[in-house]
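Colleague: Chains as they are written, first to last, in my numbering: chain A, -16 to 322; chain B, 51 to 386.
Hints listed in this document are in silico derivations from the structure and should not be mistaken for laboratory results. Hints should not be assumed to be uniformly reliable.
What the simulated footprint calls covered on chain B by chain A, stretch by stretch (three residues with Cβ under 8 Å from a Cβ of chain A suffice, anywhere in the stretch; the number is not a length) [as the list claims (entries may be wrong)]:
1) 159 to 166
2) 178 to 184
30 Å max Cα-Cα, derived DSSO-like pairs, lysine-lysine [claimed, not checked]:
3) A/LYS172 <-> A/LYS258
4) A/LYS237 <-> A/LYS258
5) A/LYS94 <-> B/LYS143
6) A/LYS94 <-> B/LYS308
7) B/LYS197 <-> A/LYS94
8) A/LYS94 <-> B/LYS326
9) A/LYS188 <-> A/LYS313
10) A/LYS41 <-> B/LYS197
11) B/LYS83 <-> B/LYS308
12) B/LYS238 <-> B/LYS197
13) A/LYS94 <-> B/LYS227
Cβ-Cβ distance ranges computed for the label pairs, FRET-style [claimed, not checked]:
14) B/ARG313 <-> A/LYS237: 37 to 43 Å
15) B/SER307 <-> A/ALA119: 42 to 48 Å
16) B/ASP370 <-> A/GLU309: 52 to 58 Å
Keep in mind it's a predicted model, so treat the numbers as computed, not measured. In this text, a Cβ means the ideal position worked out from N, Cα and C, and glycines have one as well.
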Amino acid sequence: MNMEPKPQETALVEMSYAEAIRDALDIALSTDERVVLMGEDIGVYGGAFQVTGDLVHKYGEERVMDTPISELGGAGVAVGAALTGLRPVFEFQFSDFAMLAMEQICNQAAKLRYMLGGAVSVPLVMRFPAGSGTGAAAQHSQSLEAWLAHVPGLKVIQPATPHDVKGMLLAALEDPDPVMVFEHKILYKSKGMVPAGYYTVPIGKAEVRREGSDVTIVASSIMVHKALDAASELEEAGISAEVIDLRSIRPIDKETIFSSIRKTSRLVCVYEGVKTLGIGAEISAMVAESAVFDFLDAPILRLGGSESPIPYNPNLEKAAVPQTPEIVEKVSQLVKGKI
Amino acid sequence: MSKTKQANLPFAIAHFSPDELRAALRKMYLIRKFEEGAEDCYTRGLIHGTMHLSIGQEASAVGSCMVLEPDDQITSTHRGHGHCVAKGAQASKMFAEFFGKETGYCKGRGGSMHIADFESGNLGANGIVAGGIPIAVGAALTSKRLKTNKVVLCFFGDGANNEGAFHESLNMASVWKLPVVFICENNKYGMSTSTERSTSVPQIAQRATSYSMPGITVDGNDLSAISEAVSEAVARARDGDGPSLIESMTYRWRGHSKSDRNRYRTKEEIAEWMEKDPILRLSTLLREHNIVSEQDIKDIEASVDAEIADAIEFARTSPDPITADVARDVYTEVSA
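Chain B extracted, bound-state conformation (with noise of 0.2 Å):
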């Protein structure tokens, strides 16, 4: 990442190299293809249980993650399967994960709403609304006592922000200084409760005022908007200064969950937001700054369909678990 700041760019052209402006883009790529083959999977039988998809959310999670170093720390959410891939985990074992497979990231134990990926720094999306929060609280804790110097962004969606466990995380994490930087995704619809019908301030960067904390509320579907905020919060974190809170304002394309029939907003409402494509935003900047060709652009959706192909194909090729094991892992096995 140069450190230069160039008048008159987007942070994000200024910033970040093109080797990884390029690297960004193929990630939103392949987080909406994965998750279209996710939806594709699920329709054809192949996927049980139900998902919550990320289709329009795409520049936050890699926007976010971007400006962080391999060890550094993410929390996330029922609607983490961006945080996962941006964070750098592995399409196939993601699709393993949903087939339920014995090669997936948990084994086939967690599932969507449970993967997590240690080894690039995912502790884990949450199936609580608000569950990761504190977590990323005490990882936080930890990165400060034995001074890691890691920092660890937390996401979250809006309905988390009526949660006992944000308000209790952001008090602590301000009185003890901790490097968390809190990202709140703001898709406008807890399930299908509107903020403005569930929350008491207009943003939810207001909140931020009560924890004596930065407060800043960003285009989340602006790749370069998303990832300066988070670069400013990150850097304030690492410096000793405390915790941040960033509202991403975004949308999901899709409804809640695999139930979801859209009954509280309107066809205008969701092809407007459509409109805003994160990842056409994104593509466009880089043309117009001769980042990509209209052939390059072609490569990477060719490469990300390729890979989505094969992890599929891993994925229902995969064993299942043996029944036998349905209570393996509940303890740590300790040898003696």
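Looking at chain A on its own, in the form it has when it is part of the complex (with noise of 0.2 Å):
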């Protein structure tokens, strides 16, 4: 794309997750002519979450699009449209819809480099609306990020915070590969400081969030902060977490979590995905391959989705997914020898 990196913006402002998606669609809008916006309902309606808003204003209908409601249609245009020059951003209703338009995901965006030898690129950006917490049960709360993270071509991430989703959708439109942002519905209204301006935070690249001793705490999306709460109860009973916000699940950043396991010597795994077959399964075999496997004091633990579909009962809803006081309870009992 054509933003010339600039110098950091060290002004920071405060707004919600969704304001800082709005912020870089804005920024990629204004300085990329290509860039073009495609998704049902994003228009005047403002996208289901509000997260377009007033884009289409701004930019028209031509370059912020309503879709019909056709999501395999819908995303084979966006791949076709990146195939041939545009730059487009496609949004997703709720990521379970994604279901509909998987042969476009799977078999030609991802597909399309390597079936034609290299010759051509997709530059494709696709945002998922994931994640249970807001009671519309079963076929609206899915995160089904892992499913996308199997399939060789994909970029897959999970931004947590404001800062992140906007830096990382940034990076994201300057890749010449699709990418997959799965965010959290429920982190849409979360607040955070963000630079003001054009930055960029890279695909690929765990952050630590919070420091500790005695055990890593691998999470991602909405579960880095049950994560950190679940830290901050710990420290009180004398348990001192590692906190490592994932950020990227395709490709992952194996290093940072094995760099934190040599110092902490215990691995738990939150995420709100299924959790069998799912994210730390697969960061579970990658210790357990490696020659950090030895530095393991305890067994890994992984925290993940129940096997059913999300419920709509509320209290059944919270059941079905981690939650910090099930965190904090396993964790410790983690550290103290007793699983």
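Dock chain to chain to rebuild the complex, using the hints, since each chain is given by itself in its own frame.
Modeller: This is the structure in structure tokens:
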């Protein structure tokens, strides 16, 4: 894209996660005529979660395009547009609806470069409002990031803060390959300090959010916040937890995880997607396959989504994904040798 | 291409120069001989996997692509060798791809079903039925947004007309008035299932009504008829009047793929369609209008045979990819 990285702006502005996404899209639209936004009800409606907001008034319907309710076709149009010179940012209204578009995401966008011997790139950004906690039940609450992370050719990110989502979205728009951005819906209203203007946060780098010495908690998306809350409580109980914000699950930042384990000797993975065959399974296997395994003083623990669809009843809904008290309890048991 | 229309002459004769028509005939021969050569190499064990031959459908590919400007683009299908040659690909690099060689269009990673040639405007064959249709619409969106004036021809088969991607794509192309021409090559069967048994309308062109675009059914074995229909649709697209749907009635002489035992159609039906050989029809037309002589046809055949022999030799003697490169080109390497 034509955006010359400017010197880092020092001015920080408080904004919500949704506003930070909009800020990134606004910068991209204003600096690169190839950028178009596509999605259902992203125009005058402003998007189901008010992420695109009033961008249509600033850039017009030709660049902030309401698509028909045609996830497969719409995603395919975005793939074709990316292949031929545009920089589309495609919003699925809910990440669950992306299942209707798996063909275009996984058979086309992910594979075209490889199948064509490297002759082309597909610079496509797709946004997936994901996760539970809204009472919308099983078809509007899933965490499907591990599905897409299983497909070579895609990059999959899960920014947890307003700062990261803006910077990683701008990095995604610079990326020549398809980047899938999973945004937890409960985070949209969360606030944080965000640099004004253009900056990027690299894709593929985890961040240590809190340093600790007794246990490493690797978390992604909203679970980063729950893990940080848990770490504060654990500290009161005399347990020092290090919290790693994964940020990117494909590629995954092995080294940050490994160096933390070398220090703490214990690993807990916390993620909202279904526990079995999820992100935690991959991280556990990576550790088990490596020499860092010798540093472990305790079994690896995974806390993930329940082996069920996301239920409607609010108590059941909470019970279906890891919550702070459970993280505190399990980590505490692990550190005390009770697991 | 001459723009003046002459009365009572077939469209192709009136609109294309003798050189263009001879080139079209040669391309049709080239597609036929390319596919016969590929089939022969497969039978001899030189090519693995499978392939989907379009022998019998050559007029549809060549007649459609010959009305395009060089910058115009196409998307193609699993039965896409003809489209690829018609848009300007080289037989040598296509054969090299079939042989899985590093010198092939996809460096041996794609094979028959994934050949693309962006230089000639071919955005790619596709292994998924209807997979290329929304991609064509996306390419047309790029043309409209960036004002490149390119038109996109979107080839697909009759089987694709029952995929959701087909319906979603035609709808969006129409709503957004995009410069794309949908060309359904109706060869009567989606693998083994006939259109009569699979499709709710007698003619697929009727689907156009639902999407407020012109729909026309043409004899896809008649190069003149198909080029006339595509020419009108391309002009309409380029003028900003949106998409069209053309149903090109044709027939594949061979089975769906190499596993086909032809249990769903009769020998008589196949023989009847072989009588309608599109290459013979064009060469007869060109001879009637004194555009080619018997000797010209022999010369074309001889030059195509030599080109195919050279292409196969190039493929056979090209290097294989090295296995250490199995995961190369999954992602774009960004230079620092």
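Colleague: Enumerate the violated hints, using their earlier numbering and listing them in ascending order.
Modeller: 8, 12, 14
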